[in-house]
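J.: Using the numbering used here, read the sequence shown as starting at 36 and increasing by one per residue.
There may be inaccurate statements among the hints.
Said to hold, decoys possible - No farther apart than 25 Å at their CA atoms in a straight line, the calculated lysine-lysine pairs in the BS3-like style are these:
#1 Lys104 to Lys283
#2 Lys232 to Lys442
#3 Lys421 to Lys625
#4 Lys151 to Lys421
#5 Lys463 to Lys501
#6 Lys191 to Lys232
#7 Lys421 to Lys390
#8 Lys262 to Lys275
#9 Lys295 to Lys283
#10 Lys262 to Lys283
#11 Lys421 to Lys442
To be verified - Simulated DEER-style distance windows between Cβ atoms:
#12 Thr422 to Arg496: 35 to 45 Å
#13 Gly736 to Asp493: 45 to 55 Å
#14 Asn669 to Ser155: 47 to 57 Å
Honestly, the hints are just simulated from the structure, not real lab data. A virtual CB, placed ideally from N, CA and C, is assigned to each residue, including glycine.
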Amino acid sequence: MTDVAGRATSFSYDANDRCISMTVPGGGAATYSYDSDGHLTQSVDLAGNTSTFTYNADHAMTSLSTGGKTTTFSYDESGGWKHVSSIVDALGHTTGYSANDSGLVTITEPGGGTMKYGSSDGKTTTVTNQLGVAVSTTAYNDDGLPSSVTFADGSKISYEYDSRGNVTRQTGPTGAVSQFTYDSDDNLTLMIDPMGKSWNYAYDSNGNLISETTPLGRATTYTRDAKGLITRTTLPDGAKTDFTYDAKGNMISETDPTGKATTYGYDAQGLEMTSITNPRAYTASFQYDANRRVTKTTFPDGNSISYGYDCCALSTVTDQAGNTTTTGRNALLWVTSETDAMGNTTTMTYDADGKGTSLTTPLQRTATLGYDAAHRLTSSTAPGGKTASYGYNDRNYLALVTDENGKATAMSYDAEGRLLSVTDPLNKTTRTLTRDALGRISTFTNARGQIVSYEYDDDGRVTQKKHEGSAVATYSYTTNGYLSSVNDSWGTTSMSYDAAGRVTQIDYPTGKSLGLAYDDGGNIASLSYPGGLTATYSYDNLNRLTRVDFGGEFISFAYDAVWNLTGETRSNDVTSTYTADANHRLTSLKSSKGTSTIISQTCTRDKDGRITSESGVRPLAPDLQATSVSATYNAANELITMGSSSYTYDDDGNLTAISGSRSFSATYDPENRPTSITLGGTARAYLYNGLGRRVRIQSGGNTRNLHHDHLGRLLFETNASGQLSAVYIYAGDLLVAQGDGSGNYLFPLRDKSGSTLALADESGTVVAAYAYGPYGAVAGKSGDVTTPFTYVGAFGVMDEGDDLYFMTNRYYDAVSGRFLQRDPIGFESKQTNLYAYVANNPINLIDPSGTMGPWGDMGPEERPPLSPKAQYQYTFTVSFMDNFCHQYVENLNNPNPYSPFYLTDKALTYVSPGYSLFSASLKFCAGEYWDGFVTALGAIGWKNAGRYISAWSDTTYFLSWLYFREPIDIPNVRYPNPSLTIDMGVFQMPYEKPMR
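With the hints as constraints, model all of the structure from the sequences given.
T.: Written out as structure tokens, the structure is:
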């Protein structure tokens, strides 16, 4: 058999015309054996793995075995037809199936729960879950097509069809109506959304999508060759991306709108991608085993990552330095253990239904999860024994979270499952939402009754935000949909872009501008500041930042084979060195000038990765006094008293006053952001722009205008007169230098947490030193010069004075070790105490964004802050999943810009065919805990990528999750999908796949 690309697959047959072998392109062969009845009894795959099959007298398969893992099948004839009555999996778990004469099918799960499916005329009509709740009832029209689906809470989706069975009208549970029109080939040509806006689609004679037009008339077109492959994508403004293909239909090049090309190589058969060459002409290559599983990735520097497999799944990963991690599995391939590169093993257990029930760290500390009969998570218990519990509504949406102290927070939803309100343990509704027909937030009302409202254009983009009915921000967009300007209380901020959609200039309301240029790989090559300063960036063949030059100064970076940062050299002759263990966790750092040590820090860790001791040299010893203080809290975890001080909050849980020796007062806007704070006798006023960034600070008669780039980094400041007063130089997200606007620069020298311990001037002289308590309270300072970036300052945390810090999304008080406001992302922070700073574990964790709870914060790209990479370089996580939904991450610590896997830097999460847990952007599957934990956090911020990190505190972590919903016969509208665009950072891979 020869396919259209000319690849030949050959088959051999025995005398009875049964296929006994198949030889695939390239020469690999699979073989097949049969018994005298013609049953397939054995198959040997391309890698030599053997599967065996047995049958009963009725010729029904009774067992299937692969790699010693056997599944058995039994049958009966209940319900008037022969069917499988039970399946016993390789662990001995039994799933039972029965049917009665009325068509009711009952599935008895291994754990004892039962699912019941009622049917009529061969179509599912009812689904009843393990709790006896009828979760859905489906009605059908005369043509046998679903006309409505009614859910347990009474909400309903209804459908209308044309004569060809295409959905023409869909009415959702909230009454929102979508309408659809098709051409004679059943291609969707018009969709009218619930807001009455029209989306148009056009096709060629072969039914391939060639254009899509938004309600505002913005058209994207697709040019195709004779085979229907997309050769050009043209955006609404005319920007073109071109694709070429080989004779086998594989894409071999992509050229972006600026003319930069990425090329791809394949094996002789054109079946596997063997290389990627980026626009900078650096190539990565890939090797595969006989079953076409990746066995080796070789990077442009010659180092490689290797993968080992057993019959059915990945078992080992060996990194560029030869460090190996090992995955243990049970007979169902559920991960039961992870052994890291240092020999530490974390184990997992599951119930009979495959839900994760426990995780035990290398030091034998165990966390457990509990479930109800419907497989919903009902409790999580941390190793310290504290338990949080969870309740649900009839639609399985999380409706109640009860913390470790028995205090409950309630959530309500609309019929579509979209959040409508949150009520705290004090019975205050802190969030009330209204939504338009598309489910977009129309208004947000806080507990103080203040309303934030949003308006949208016909293409669904936010155009205006209002506070209490008055506009506070308006937004404009380019033809391609990029944000072009924001007009707010600060003035108008405008952005310009190149043909590839990258920001090239930002104009600020102060009259200042920032210019950006990029190299061929999309890395930021230079930043042009006001006043003539230009910072230039250099990269190696792995797109790692190697040097930043600015104002006659520089800082350069060195890395080891696994991309850990190992050294920094500065123009003032101050050097810093970093070492990490085999798990990529910081073990020591040292900053020195010549033979003189300025800072040294050595960390000892236990097997769970927790820091147990630190030693070294500091430029200034902390002045710490042994003190004891008592505190009280209310049901909402608000601090009420601490020592002799009393704390007062508004209805939204924002700290408004502290009485006593440390006097504090604050006011907040409707979005719970402080507009004024008075602390230590100093009054501060704050202004935020339409992007949510803090842009002005006024205090003591001084004004500071804060100018951020599109990535949220504070790059420079101006005073009330518009004069440049400060500039900040970054390596990726890491602050590496600061200037006074007049050409004088200081270099911050940091500890493991990214806290500034010293400032060195251009000659390498230490001109200021800082010391901190465990939670960041200043415990000493010397020198006359200052920096706004002290505690965790390397990652953008700003010092407000008086032990108050601004952490991007919230303000943090180091005296109490708590935030002033509740976490704006709520329970997504993975903890039930929404005021706590890093789960009360500041020795091991940081949270510079103020939103990531006990997991720390690795920035928007989930990468180590200290791996200095300029933004827009489009590096990404190399990760993939095997057939059993286990995601592997090659090196999340250092995202890899060379991968054959169709996944993105956000680690695309697929929904498994069963219960799934999610955290951050990492996939959990079958109870696996990819916690994305930040282990050594801080200055080096090493992240143990793709490992089961065993670093639990005695605070229960709230887990977010997604539940598997039972299969229901619900029609789907087929939306046109021109090229399921997988953004791999260095290219976009278009391929045809219907989106349903």
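J.: Would you check the hint for Lys191 and Lys232, treating anything up to 25 Å between C-alpha atoms as holding?
T.: Holds, at about 23 Å.
J.: Do the alpha carbons of Lys232 and Lys442 lie within 25 Å of each other, as the hint requires?
T.: Outside the cut-off at roughly 45 Å; violated.
J.: Does the alpha-carbon distance linking Lys421 and Lys442 stay inside the 25 Å limit?
T.: Holds - the C-alpha atoms of Lys442 and Lys421 are around 13 Å apart, at most 25 Å.
J.: Given the hint that Lys421 pairs with Lys390, test it: the Cα-Cα distance must not exceed 25 Å.
T.: 21 Å, holds
J.: If you draw a straight line from the CA of Lys262 to the CA of Lys275, is it 25 Å or shorter?
T.: 20 Å, holds
J.: Is Lys463 within 25 Å of Lys501, Cα to Cα?
T.: The given pair, whose Cα atoms are some 23 Å apart, holds under the 25 Å limit.
J.: Holds or violated: Lys104 and Lys283, Cα atoms, limit 25 Å.
T.: 38 Å, violated
J.: Verify the proposed pairing of Lys151 with Lys421, using a straight-line Cα cut of 25 Å.
T.: Measuring from Cα to Cα gives roughly 36 Å; hence the hint is violated.
J.: Please check whether Gly736 and Asp493 have a Cβ separation lying inside 45 to 55 Å.
T.: 47 Å, holds
J.: So does Asn669 sit 47 to 57 Å from Ser155, Cβ to Cβ?
T.: 55 Å Cβ-Cβ, so the 47 to 57 Å window holds.
J.: Lys262 and Lys283: Cα distance at most 25 Å?
T.: 11 Å, holds
J.: Is it true that the CA of Lys295 sits at most 25 Å from the CA of Lys283?
T.: Answer holds: Lys295 to Lys283 is near 24 Å, not above 25 Å.
Taken one by one, the earlier hints fail for this structure at numbers 1, 2, 3, 4, listed in ascending order.
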